[in-house]
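Novice: Chain by chain, the residues run as shown.
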Amino acid sequence: MSLPSSVAGFTVLPISYAGTSTSTSTHYIYARAHTGSKKANTSKTQTLPDGRTLFLVNVPPDATDRELVLLFKTSGTVERVVFDLDAQETPEQEDDDDDSDLSDDAADANNANAEEEGDVDMQQQPRKRRKLDKKPKPPQVTPLPTKPLRPLRPTGRTAHLVFLDASSLERALAPTQKLRTWPTSDSEPTGLARYAALYDSLRPPLDSVRAHADSAMELYEYELQQTRREAGKYKKGEAIVDEDGFTLVTRGGVYGQTVGGGVGVASKVFQAEMAEGGKNKKGRKGREGKEKEGFYAFQKAEKQRNDLLELKKNWEADKAKIEKLKASRKFKPY
Amino acid sequence: MALNLKRKRDGDVTPRKTRKLSEDDLDAVSDVEEDESEVDAGEDDEWGGIEMAQNMTAPVAESTGPGTKPKLPPSGEELRVIKDASSLFKSSTFKLQVDALLPTVRPKAARIPPLDRFLQTLHGVLTNLPSVAPQHPLEAARKLIKKGVSVPFCLPQPLEDTNWKVAFEKPSDITMVGSWPNKISVKAKDGCKFGIDLAVEMPSDLFQEKDYLNGRFFHKRAFYLATLAEAIQNSKSLNVELTYQSASNDPRLTKLVLEPRNDETHDDFTKLNARVCIVPVLPANSRIPLQRLSPSHSNIRISADGDFASIPTPLYNSALLMALIPRAHLLSAFTLNEHTPSFGDALTLLRVWANQRGYGEGSRLCVRGFDSLGSFWTVLLGLLVFGEESVNKAKRKPLGRGLSSYQLFRAALDFLSRHDFEKTAAFHKANQGHRFPPEEYEAHHEAVLVDSSSTLNVLAGVPIGSLQLLRTDARKTLEELNATSVANDLFSNVFLQDKRDLLTRFDTVIRVDISSAQPRSSSLHSTLDTGSPANALISSITALLREGLGNRVNALAILHSSPSTRPLSQALPTSPNVLYIGLIHDPQNALRLVDHGPAAEESDPSIAEHFREFWGDKAELRRFKDGRIIESVVWDIKSADERSRVPAMIVRHVLQRHFNLDATAVQSWQSGFDQVTKLPEAVSRVYMGSGVAVGFKGAMVAFDSLVKALKALNEQLPLSLAVVSPISEQLRYASVFSPVPLSESLAQSLPQNARYLPSMEMILQFEKSAKWPDELRAIQKIKLAFFERIAMALMSSVKGLKARVVVGDGVTTSKIQDVSRLDIVTPEGWAFSARIWHDREATLLDRLITGKGALPHINFPSQKKKGKANQEAVDAKEVYLRRFIHAPRHHRAITALNHRFSAYSPTVRLVKRWLASHWVLHGHISEEVVEILCASAFVGDGSDLHLEPDSGFIERSGVPGSKERGFASVVQFLKDWKWEEGLFVPLYGPESAAGDPLPASNNSRSGVWKISTEVDREGNVWTVHGPDAMVANRVRALAKATWDYLQNMEEGELDVKAIFIHPTDDYDFVVRLDPSALPRYAQNIDSSLAIGGRYMNPREDPDESLRPEFDPARSLYDDLQRIYTNTFKIFCDPFGGDRFGVVWDPSLRQPRPFRVLGGFSSTPVKKQKETEKDKGLVVLNEAGILCEIERLGAGLVRELTVQV
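Residue numbers (this note's numbering), protein chains in the order written: chain A, 36 to 369; chain G, -7 to 1196.
What the hints contain is simulated information worked out from the structure, not anything from laboratory work.
All C-beta atoms in this analysis are idealised placements derived from N, C-alpha and C, irrespective of residue type, glycine included.
Among the hints, erroneous ones may be present.
Said to hold, decoys possible - If you only want the chain A side, here are some residues facing chain G, beta carbon under 7 angstroms, derived:
1. Ser60
2. His195
3. Gly226
4. Ala232
5. Leu233
6. Leu237
7. Ala248
8. Ser250
9. Gly329
10. Phe330
11. Trp350
12. Tyr369
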């Protein structure tokens, strides 16, 4: 058995499952020290600090953070587990854009957010807005009761492990041919039991559903108020500034003015017409065309000639098609 | 037209004038001329006169020759051809296709000369035969049999005491008759040979005037034929195989068949694939008086009592007439051919069409009566061209002679589809008017089409059922040709495909072995008239079945194998032992449960007597609700499935009563098909015992009462409920199993693995309100609040009802997608699941997707937001459209179809079961698309969908009337369907076509099927996620295999269940599940053995509450499909399947360089040699994945079998 100990710069970590039946198959995880890309923004570096983050490829689809923590227990203490970072990056940036007018410390909120995204839950969505405004406390969403459930991810995905210190990372990457045994945690069931648990947990008691929905709506109302307040009295919204620093002139402010006030903007009907791509222009053209059509004798003749040519062309095309079919003996009925 | 083209060459007429001349006529032509003169006035001379017309083609050919671009406008001649093609034919393509077809079914001219040489030799042999002196017929036969030739004497056989003699003289004349001399022969199916009929005229001296009596003519003819056979056999110059063949297995119509032995001599015409048939005929001046042969004359007079004298013998008389008219037919065909230029082509088209449908000889089943009815088609066309000899005033107008072959073909189909041979006779125009009184034909023949000589009914002996079938087929083809939408391959559908299969033609197919039949009443007379006991038996079966079935069927056809040749030593033909009875139901009457007979107060007792005699102990006197007391027959059925079997039950009963044919001799396949959509006996017995309302009706009643209960809650809800639309297949008669409720008490009496409770989905729509939050996440949350409120209110208002809010599906993490729903279980045990439709969601999602917001003209600086958020919105939009827009519409359309076509719902169920049992339904093919696919077999071009079923329009004839036929049609379609070309199904009727085509989702699709409807022009709502190319090919292969297997019906070896057994050999590995853990195992096609306590081992918590829709096998399947989407394809039967089949993605099994986002579980590749450079290759970790599957399915998976 001389499997390569590393592949394309990744250390190969063979894993065996003890719990399962007779089959002695091995799963392979590929590990490497995480290096943040150069253009990465601050938030990402803060989430995954260089030097003590382990990058894993081909994590088993049913792995939980707890199991990964236990797996690397011998190397050191794991601070945090982040699954499938690449798949999650984009939505967070998206949130940035949405929130930019609301919060001044988006990065901070985002940071907290990323932490939570790790353990996929149903209810953590509104929590990120906790820090938006200190003065009036935003309402807290009552979470739905959940049972610990093993999430199943597509196979061959990645994960980041953040250790407490850099030395653990080195230990984790030390090349070894030794099989590691996967620490299966029993608190999260698998298989049939998991499906039964999932079924029940998706149907929580009615009162907790109500509490959850009510508190979520309260939060929504609260946020709506916040936005309104910031919109100001007469400005009605804030001017939209694009990436290059230009202010967009958009209808939506008071008295037909731009958002944020200032210049007047054309009406929506007009805008819609323009958006459709200049109907008027077409109309004018049509009128002109109508006058000219068939005005001169030669035009009429040309048209007839072209029609006939077209007819002949189609005929020839049909003929060619049939010839082709004939070649493949298509016309022998039996 | 040619006149208009005429121009003087010497140019004394100016071009201007010519133009004027031509403008009077066809515009198209004038256009050309104008163009010509406009473009190049100097070339005016190009137009020749009429005399030039022949040469016209030459310049045309030049201009279209290879290398030259078709720059020149088409010349006049060319234009005429083009215009003709599109106006005289269906389309120019069609015309070209017809032109390509015709030569393939005609004899090849190059192979004819050997035949001519052979015929010359034969003529020489025949004209030099020595005569045989008159002798006693039996004595003569004995002499011949010593030489190996038996005389095909027909009934009544000559006796020892007959006082007439048979003799032989050399033929007085030999003529070629039939289609060959007129060059209108058409190749027959399955490589059957062209027939060259030689009419050998027997000298009139051999016959006496009274020979028309008692078969004496036929005996003399038989002896003549046998003598000829003997002579040819001994002739040195002719190297041929000699056999007898009898048309319709009637020994009176025996002919001698000569087939060449393959010896490569100069007169060996094997290559032509033809045979020469010798038919003895009577000379025109024969002594047999023609008036004795009219249909009403009785010419058989042998019996103890003198009654026979008065009973007419129409079939006998026709058989005799056959010896008189071959030459007349030859001449009339010749006239026709001369008179109508397109006659030959039209006849060819018609006969190819007919041959493809079994109206002609072939190795497969042939429609009774049509095996040797070549003259029928000629007479038919003659009737159309020359018109009818008038009987009453109503006279058919003759068609013009200038019709194209396609138009003539269509006219023939039109005649066949309209003319009711049962009611009215048809008479070809005859020169001397009617020879026999027309009423006589109608009185003594089932169907009448009298030829041009006005003597012979060419349809004598053809059962009316065969003509009914012909009528249906003609109508079906006309419908196809008239369809407004362009069908996929119309031409091949009409002419090129073999349409002889039983299952797609008939609603009910029954196979009868008549070898043991004992007719209850047999008449000697009918045996003598029809020519043989077997023919008499078949015609009596047909008659009795027609009486028994009455108006239940539109067509009752008898099919059997076509008559074969027999060696010379065998005198009489062997009749087929096996008959196939095909019924085409009349949808209005077919499934009637009670047949009414005469009323009790009927004055004539013989009518009631006859009714009782016909039905036997089935007939009973019944008193009906309206007070009538009527003789009646009641067909009792136990379940709705059995209802479709009523016609078959009647056939069985009639055969049993009148022919003593028991169940073993009569075979039909319906119960096999019924069985596969039924729950196992053990389960259905529990339901029967409990007395709860089950089935589709029960489900709908439960749904309606739930809707009522919901509407009653209006006070307690913030918004009032506007619409509740069902979208579940169980509420539209489309689920494989008829729905059953499952209450707690019922569950106790059922085994663990029969406790699956499907929940029926519905959509709640509230009144419009401005109070909804304008944000997607908040909308999803407020739905939860709604559900909670409804649940509380429902539970307090309806006692015993349980409602629970479901907050997600465990997979979707998107917060903008609609995931929550309300589970409701009624006190009776019906489960429903409700969702809320809020139409603002669509607008909000659109904003997210396009990124435009409320201000359409402003393009926000594109932030490259094609990331996950956008994808999430697109996915949410797709789910939204499918669930809230398309599903309710689809549901309504399908429900309407069910009311319209009674066979639609069973067909859908059967097709779903079939696809499921081959492991592709649900996982790869959505249920809805199956429903649309099945609908395509029913709706035609959708033009009559809006009509009420009972508004009196003519039902289209392509519509299947039973589920077996529907199933076969769908399988046939799938077998041939090129899914690349898509399919359009007009599901919603014409009025919806004008309506808004719903927005198409812009998601990328993985499915390759493209099935579009009026509201889904893109055709991807139900096929966006599958089947992909691999699965689609698989389905095609499955359909092919199933279709081929279904054809075994013709041999009588068809085990219906075998169609539903899936072969697992080609899977890479198979995952076996533990049946005891599957709540749906009872639905498994093979489950009957497992029910009955074998898997009753209790689980940990025996008193666990019911979990509607809980199906761990499906969850596991969905999870595996999602997790390993790029690693393998997984298949399973959604109905209690206890196995998953898996096929690896073959490309992953090759080593490939390691990638971070490879998307599959891999193992590093070992280095071959130490010195080798490490390339960093990895390969699929198969063992590891197997182990993972076992882990993911712990408690469900029993074992994994890897197949090599």
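Novice: Hint by hint, note whether the structure agrees.
Specialist: These are the hints, each one checked on the structure:
1. Hint status for Ser60 (chain A): holds, given a least beta-carbon distance of 4 angstroms to chain G, under 7 angstroms.
2. Violation of the interface hint for His195 (chain A) is found here, the shortest Cβ-Cβ separation to chain G being roughly 12 angstroms, above the 7 angstroms cut-off.
3. Taking 7 angstroms as the C-beta contact cut-off toward chain G, the hint placing Gly226 (chain A) at the interface holds, the least distance being around 3 angstroms.
4. For the restraint placing Ala232 (chain A) at the interface with chain G, the shortest Cβ-Cβ distance is roughly 10 angstroms, beyond the 7 angstroms limit, so the hint is violated.
5. At about 5 angstroms, the closest approach between the beta carbon of Leu233 (chain A) and any beta carbon in chain G falls short of 7 angstroms, and the interface hint on this residue holds.
6. Hint status for Leu237 (chain A): holds, given a least beta-carbon distance of 5 angstroms to chain G, under 7 angstroms.
7. This hint holds: Ala248 (chain A) has a C-beta 4 angstroms from the nearest C-beta of chain G, less than the 7 angstroms allowed.
8. Residue-level restraint check for Ser250 (chain A) is violated (minimum Cβ-Cβ distance to chain G is 9 angstroms; threshold 7 angstroms).
9. Checking Gly329 (chain A) against chain G by beta carbon gives a least distance of about 14 angstroms; that is not within 7 angstroms, so the hint is violated.
10. This hint is violated: Phe330 (chain A) has a C-beta 16 angstroms from the nearest C-beta of chain G, more than the 7 angstroms allowed.
11. Taken as an interface hint, Trp350 (chain A) checks out: its beta carbon lies about 5 angstroms from the nearest beta carbon of chain G, inside 7 angstroms.
12. The interface hint given for Tyr369 (chain A) is met, as the beta carbon of that residue sits about 5 angstroms from the closest beta carbon of chain G, less than 7 angstroms.
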